[in-house]
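Chains D and G are the protein sequences, given in the same order. Just so we're aligned: the first sequence equals residues 1247 to 1589 in the working numbering. Just so we're aligned: the second sequence equals residues 7 to 347 in the working numbering.
Keep in mind that the hints were calculated from the coordinates and are not lab data. Note that beta-carbon positions come from the ideal geometry of N, C-alpha and C, so glycine has one too. One thing to keep in mind: the hints can contain errors.
To be verified - Straight line, CA to CA, 25 Å or less: simulated SDA-like cross-link-like pairs of lysine to any residue:
1) D:K1543 with D:P1524
2) D:K1276 with D:I1261
3) D:K1276 with D:K1543
4) D:K1276 with G:K105
5) D:K1276 with G:E283
6) D:K1276 with G:V281
7) D:K1395 with G:V281
8) G:K105 with G:L141
9) D:K1276 with D:A1303
10) G:K42 with G:A22
11) D:K1395 with G:D294
12) G:K42 with D:L1401
13) D:K1376 with D:A1442
14) D:K1543 with D:G1558
15) D:K1276 with D:S1286
16) G:K42 with D:P1388
17) G:K42 with D:T1555
18) G:K42 with D:E1400
19) D:K1395 with G:S297
20) D:K1276 with G:R284
21) D:K1395 with G:K105
22) D:K1395 with G:S162
Stated by the list, open to error - Beyond 12 Å from chain G on every Cβ pair, some chain D residues (computed):
23) R1255
24) E1278
25) H1459
26) A1468
27) F1489
As the list claims (entries may be wrong) - What follows is a set of in silico ranges between Cβ atoms, one per label pair, in the way DEER data are often shown:
28) G:R125 with D:G1346: 56 to 66 Å
29) G:E287 with D:Q1373: 37 to 47 Å
30) D:P1326 with G:P35: 15 to 25 Å
31) G:P35 with D:G1346: 16 to 26 Å
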Amino acid sequence: MSPAALEVRNLSVTIGQARIVRDVSWSVAKGETLGIVGESGSGKSISVLSAAGLGPASARIDGTVALTIDGREQDLLSMPGSQLRRIRGRRLGFVFQDPGTSLNPMLTIGRQLTEGPEVHLGMSRTQSRKRALELLELVGIPDPERRLKSYPHELSGGMRQRIMIAVALACDPEVLIADEATTALDVTTQAQILDAIRDLQNRLGTATVWISHDLAVVGGIADEVVVMYGGEVLERAETVELFRSTQHPYTRGLFESRPHLGERVDQLTSIPGAPPDPRATPPGCVFWERCQVRGDKRCRTDHPELVETSPGHWVRSFYTMSGADPHQDTASTVRPLPWKEHR
Amino acid sequence: MSTAAQEAETRARGAASLLQVRDLSVRFPIRGAGRKQWLQAVHDVSFDIGRGETLGLVGESGSGKSTIGNALIRLVPVHSGEIHLGGTDVLAAGRRETKELRRRMAMVFQDPMAALDPRSTVADSVAEPLKIHRLGATKDRRARVTELMDLAGLPSRFLDRYPHELSGGQRQRVCIARALAAEPELLILDEATASLDVSVQAQIMNLLRQLQEELGLSYLFISHDLASVEHMSDRVIVLYLGRIMEESPRESLYSEPGHPYTQALISAIPLEDPVAERERERIILVGDIPSPIDPPSGCVFRTRCPLAIQECAERQPPAHRLGPGHDAYCTRAGERVTSET
């Protein structure tokens, strides 16, 4: 595996008494995409934003966030604010859910695209304008010359999201961070944007962190997937492995609770209850209350560790979908699992 | 299709028709544009909903799907067309009749936090329709509210809670309990699961299906999510720019989509299998949805349609029958869009 462009080690985010992100680790290499999946309150966005120094001001952040720049590793969490701001502008690109609020309504598209390269790369007006035109072409905006003079309100949602991606890529960052980047878009527009992103990855090789609540979207774009719930990583594996050999009952529940196209059933297998309040996480497994597999009182009292069950496949559960307790060396079979085999 | 043929079909389906909508058009004036302009939100839309049936309305933003729901309960003015609910002419109804019609049709919206009064307890919110329509004796109200909450899967300990104390799924259950309070015949579900977490969406969809079975309700299920629409609906209408593109029983719409727009919509849904998802042939539509103020001539989808030919610009495509109850409004209906087209 190639060295990590961005590596998060043992990241925890605490606000007051609430540990809203606990001991999260992952990494993403150049040219690869890491998908982070979770529901609201899972900590998926806040963990990534905190790693980039964009978390809530009142939060205490522990751990290491190592960004590799020109072969040298730097810890984003231990550097002074001014340096972090410079690095963030130059080395990290962000695409958020709502391009309407992320773009500045008062500035032309051209200005928003040239600002980064001028400030961070020291380009002249002529150079940055040329770069802006390249970027617009790269993300598939027709008639880029004219678009440079447009304002965000003159563009459709899909076009604005393409512009956001172009702005994020303007300084040729080490890492692109996309937080629910296609969630606000219509499905046909989402398909356009996912297509554009896949194409860009092939051409640019930027490391990408793709945050989404939608497993299918992540499955189509990520090389490795991290599943978060209640502030913790519950499962982590390469994409195909995660989808085909799902181990955690929560991940399985996420698959089962979506209606699958062309496979109508009378009742969906829903996960009962609601995600936990990050201010009051239970002492045992965070998913215990809603889990359909929970075996014994250990799930309620003991906190399961994230264990590597097969190379690269990590699971935090005493009971996995294959019936084995990863905390034991031998595969101890527990009771039959209530879920049907997922294809 | 003629009304007579439609009625024959309704009879053939065995479902007594509850709601009839004929040639419904809704338009909004655009002010300050110099000459008077109109935004045509819904154009000549006709459909029926049978008793106990679910009709899915699917479309992207700007398709007019929510406007249709709003027009049914007269939240927006109707420009032309007819709406009948169980024999009552909705558009000719006076004040008193309209109130009664609003008892018979209830709505559940996308965002339960916005739909509930933050200063009202759950019990007050659920009881509100009972007060408005003067249903039951005041002393029995709390018992009735408890019963409604039970129907919606809410424990009675929530009676005196406020919306902010509940989770998103619980709030939506309160909205459903409230919608059921006045014993409506038709529920208009406008993106009722869209704002919920994936794991909670399934709970709400299961609840809705179960309630329909128990109470014999009819649903108009409005959603942008084709998979949810498939799960919920008996028949589906696909909308684009305020017009019906395709109408079909559920099975044939998803197995044999006849309209190129429906084909593109279905192919745009990410598949759950990552290998299949990456290898599949996808129809990527070019460009954006045109302005509803100045829609394209002829077929409104032609500007983005991979199958468009000269004829499409010249006339509005008539219905092409593709199977029982399955119509596509397309000159080239039934042809497959492939990567070569």
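- Query: Within a Cα-Cα threshold of 25 Å, do K1543 (chain D) and G1558 (chain D) meet the stated pairing?
  - Reply: Violated: K1543 (chain D) and G1558 (chain D) sit about 29 Å apart, past 25 Å.
- Range agreement (Cβ of Q1373 (chain D) with Cβ of E287 (chain G), hint 37 to 47 Å): 40 Å Cβ-Cβ, so the 37 to 47 Å window holds.
- Query: Holds or violated: is the Cβ of R1255 (chain D) farther than 12 Å from all Cβ atoms of chain G?
  - Reply: holds, 27 Å
- Query: Holds or violated: is the Cβ of F1489 (chain D) farther than 12 Å from all Cβ atoms of chain G?
  - Reply: violated, 5 Å
- Task: Take the C-alpha atoms of K1395 (chain D) and S297 (chain G), compute the straight-line distance between them, and say whether it is at most 25 Å.
- Result: Judged against 25 Å, a Cα distance of about 21 Å means the pair holds.
- Taking only the CA atoms, is the gap from K1276 (chain D) to K105 (chain G) under or equal to 25 Å? Not OK: K1276 (chain D) and K105 (chain G) at ~63 Å, beyond 25 Å, violated.
- Within a Cα-Cα threshold of 25 Å, do K1276 (chain D) and R284 (chain G) meet the stated pairing? holds, 20 Å
- Item | 25 Å Cα cutoff - pair K1543 (chain D), P1524 (chain D) | Holds. K1543 (chain D) to P1524 (chain D) sits at ~22 Å (cutoff 25 Å).
- Item | Pair hint K1276 (chain D) and A1303 (chain D), alpha-carbon separation not exceeding 25 Å | violated, 30 Å
- Is the Cα-Cα distance between K42 (chain G) and E1400 (chain D) 25 Å or less? Since the Cα atoms of K42 (chain G) and E1400 (chain D) sit roughly 21 Å apart, the hinted pair holds (cutoff 25 Å).
- Message: Check whether the Cα positions of K1376 (chain D) and A1442 (chain D) lie no farther apart than 25 Å.
- Response: The hint holds at about 21 Å.
- Message: Checking one constraint from the list: CA of K1276 (chain D) to CA of E283 (chain G), max 25 Å. Satisfied?
- Response: Roughly 23 Å separates the two Cα atoms, so the pair holds.
Checked against the numbered hints above, the structure breaks hints 2, 3, 4, 7, 9, 10, 14, 15, 16, 17, 21, 22, 25, 26, 27, 28 and 30 and satisfies the rest.
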